[in-house]
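As you go down the protein sequences, you meet chains R and S in turn. Converting from the first sequence to the numbering used here requires adding 1204 to each position, the first position being numbered 1. Converting from the second sequence to the numbering used here requires adding 2 to each position, the first position being numbered 1.
It is worth saying that the hints were derived from the structure and are not from the lab. Careful, some of the hints might be misleading.
Derived, one-sided and incomplete: chain R residues facing chain S with beta-carbon distance under 8 Å [as the list claims (entries may be wrong)]:
| id | residue |
| --- | --- |
| 1 | Val1397 |
| 2 | Leu1425 |
| 3 | Phe1453 |
| 4 | Met1463 |
| 5 | Pro1469 |
| 6 | Asp1470 |
| 7 | Leu1471 |
| 8 | Ala1472 |
Every value quoted in this text rests on a predicted model; they were computed, and no experiment measured them. Beta carbons are placed, not taken as given, at the ideal position from N, Cα and C, and that holds for glycine.
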Amino acid sequence: MSDALLKVEHLTRYFDVSKPWLNRVLEREEKQFLTAVADVSFEIKRGETFALVGESGSGKSTIAKMVVGLLGASEGVIDFDGHRMTGTAGAEMRALRRRFQMIFQDPFASLNPRWRVGDIIAEPIHTFGLMKGAEVSNRVGELLDTVGLSAKDAEKFPHEFSGGQRQRIAIARALSSKPEFIVCDEPTSALDVSVQAQILNLMKDLQDEMGLTYLFISHDLSVVRHMANRIGVLYLGRLVEVADGKRLFTEPQHPYTRMLLDAVPDLALSGRRRKPVEGEIPNPINPPSGCAFHPRCPLAMPRCKAEAPHRVDTATGYAACFALETQPA
Amino acid sequence: MTDALLSVRNLRVEFPTRRGILTAIDDVSFDIMPGEVLGVVGESGAGKSLTGAAIIGLLEPPGRIAGGEILLKGQRIDNLDPEAMRKIRGKRIGMVFQDPLTSLNPLYTVAQQLTETIRTHMDVTEAEARQRAIALLDRVGIPAAARRIDDYPHHFSGGMRQRVVIALALCAEPELVIADEPTTALDVSVQSQIIDLIKEICAERGAAVMLITHDMGVIAETADRVAVLYAGRLAEIGPVREVITAAEHPYTAGLMGSIPTLTQDNARLVQIPGAMPRLNAIPQGCAFNPRCERAFERCFKDRPDPLDRGGGRKVACWLYDAVNAGTKETADV
Ligand SMILES: Nc1ncnc2c1ncn2[C@@H]1O[C@H](COP(=O)(O)OP(=O)(O)OP(=O)(O)O)[C@@H](O)[C@H]1O
Ligand SMILES: Nc1ncnc2c1ncn2[C@@H]1O[C@H](COP(=O)(O)OP(=O)(O)OP(=O)(O)O)[C@@H](O)[C@H]1O
Ligand code: SF4
Ligand code: SF4
Ligand SMILES: [Mg+2]
Ligand SMILES: [Mg+2]
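Just need the whole structure built from these sequences, with the hints factored in.
Written out as C-alpha cells, the structure is:
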C-alpha cells in the first residue's frame, strides 16, 4: 500500500460549449466541446501540500471541483485513501465526504450573508451529524480561536468582517468536520499581500498541528513555492510537469515551466536576464494538435505537431515533452 | 531641482457623503522626473487609482480635489477647465488602464480610433495619420499591422488589445504615461511582454511613466523609484532597490517581508496584524499605528510628515524624526 491519500488517474473533463440547437441547425455547425482538463494524473501523499499552478483557464478550478465531487469527471478516476470516489454515492460517499473539505478563492461569495458566523461554521458538523447542542457551540468557539478570531464572533454576520477575516471563517468551517484533506482553490488571491501572509502562515500552522493534507491551487508561482512540497504545472488543461517544490524553480524541465519562470517578475531583484515570452495561450476549444504548447515552444520539432507527448521521468519528478525523452535519463 | 515633469503637491481628494467627508487622498506629494518610471504601490484601497485619476482630471463626482496642486512642467493642471484638460489628456499625458476595453470603443475600428486621436492632437493628413498608426501598431507588436488595423477591438485577444491601448496612449507622443494596473487582467506570460513593452517604448520616446500596481515584483523589475501609499497617505518614497531591500517605514518593511519570492526561503512570512483601516476609521496620528509593532506615544497623537532621509528618500514615520534622537537607535535596525 502506498502512502498516497489522493490518487487521480487520467482525469478528463469536457464541457459542451455548443450554441443552442436551433442556431446550430441554421448555421450548420457541429456540436462544440471544450476540453478543460485532459488526461491528468497525480498523487498526493498524506501530510504533504501538493500544488497545482497554471495561468487562467488552465483547468485548476475544474480539477478542484472534480476532486471534491462538485463536478463529475468525463473520464478517469479519483481514489481517496484507497476508496474509489468517481461513481460512488449514498452512505459510502457521505462517510468519505466528511474527510475532505474545500476553501474557495472568494471569501465574500462563499459565505452565506444571512447566516451568523457560528451557524456557517457549524454547518458541516450538522450535515455529518457529528455533535449536538452545547457541544457544537463549544466546538465553534474553539475553531474561531484556532483561526485567530474570538468565540464572540460567532454571533456576527459575514459582512461585519474584512476579507482576511472572512477567509479565516471559511477555514474554520472547513476544519469543523475534522477533515484530513483540504482542497484550497486560490485561497488568498482576493486578499492583499499583508493579509495573504497571515492566511498562508495560519494554513501552515494548522497543517503542522493537525497533520492536514492540502491540494493547494494558485496562479502565483511564488506563493506556490512557499507552500508546496510538490508542484504540478498545468497548461491548457494538461499537466505538463510535476516536480519537487523548490527544485521546480532551480531545475525546471518542461519548456513551458521555463517560459513561465522567465515571465514572472520577482521581488528578489536577482537581476536575471529574462527571455522574451512568445505568443499567447491558444483557444481551448481548438487547441493546437500534438503537444498543445508547440506554437510557443522554442524546442518544438516536427513530431510535436503530430503526436501528444507522454509522461517521462525527470530528475525532479515527471514531465510530458518529447525534448526530454531524447535526453539520457 | 525644479525641473520635475510632474509635481504633485499636498494633494487631497475628498468624497462628500451623507455621513460626512471621506478623505481618500490626504496630503500626498511626489515628483516625476522626465523619462523616469515611478512605481506607485499599496494595498487595495490605498488610493493608487484615485491619485492617477486626480492627475488626469478624471475623478468621478462626487470625488473632488479638495486641496493641493498638480503641476505639469511648472504649469498648474488641477484647476483647468474640462476642455483644456481634455487637450492635455491624450496629447501630453497618455493613459493605460487595467481593462483594455475601457479605453477602446467597441463600435469603431482600431484604425478609426488611432487616426482620430492622432489628428486631434497633431497637424497631419488622414493618410499620414494612418501611416503613423500602422507604424505604431507594428512597434507595439501587432503582427500584420497594416491589415489588422481595420479590425474591431473584439477581434483581438486580451494581450493584443492592451497593445492597441498602449499604441493609443502613445500616438500623440505624450510626455507622461499613467498606467493603472496595465497587466492585472492579463495572463502571467503576457504580463511580462506588456510591461517590457511599456518600459522600452517610453524609454525610446523619452516619456515618463507612472506605473500603478499592487504587484511588487513588477515594480522591482520596472521602476526607477517607488512611492508606497497607505490609507491615502504617502508612507515612503525612494529609489526602488533601497525601498525593497532596506525599507525604512515599518509598513513597507512588513509588506516586503510578507511577500513570498521565487528565490528566498523563509519558513514563515512576516505578518502585519490586522488590515488597512477604512476611510471612515483612520486613526488619529500615524494611520499605521494600530498595526505597528514600533508605535510609541507620539504616533497616536501627531501625524508624521514625510521626512527627507537623503538619497532621494522620504519616510513618513516618527522613528526618523530628530526630536526622537533619544530613541534613535531603535530606528537603525
Ligand atoms: N461550466 C463550464 N462550461 C464551459 N466551459 C467551462 C466551464 N467551466 C470551466 N470552463 C472552461 O474550462 C477551462 C478551465 O477553466 P478553469 O476554471 O478550471 O480554469 P482555472 O485554471 O481555474 O482558471 P482561473 O485561474 O481563471 O481560475 C477554461 O477554458 C474555462 O473557460
Ligand atoms: N466614489 C467613491 N466614493 C467613496 N469612496 C470612494 C469612491 N471611489 C473610491 N473611493 C475610496 O477611495 C479609496 C481609494 O480608492 P482607490 O481606487 O484609489 O484605491 P486603489 O489603491 O486603486 O485600490 P485597488 O488596488 O483596489 O485598485 C478607497 O478606500 C475607496 O473605497
Ligand atoms: S513536446 Fe515538443 S512542443 Fe511540446 S514542449 Fe516538448 S519540445 Fe516543446
Ligand atoms: S510613526 Fe509610529 S506608528 Fe507610524 S509607522 Fe512610524 S513608528 Fe509606526
Ligand atoms: Mg480558477
Ligand atoms: Mg486601483
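Here is what the structure says about each hint:
no.: 1; hint: Val1397; in the structure: 5 Å, holds
no.: 2; hint: Leu1425; in the structure: 6 Å, holds
no.: 3; hint: Phe1453; in the structure: 6 Å, holds
no.: 4; hint: Met1463; in the structure: 6 Å, holds
no.: 5; hint: Pro1469; in the structure: 4 Å, holds
no.: 6; hint: Asp1470; in the structure: 5 Å, holds
no.: 7; hint: Leu1471; in the structure: 5 Å, holds
no.: 8; hint: Ala1472; in the structure: 4 Å, holds
Checked against the numbered hints given earlier, the structure satisfies every one of them.
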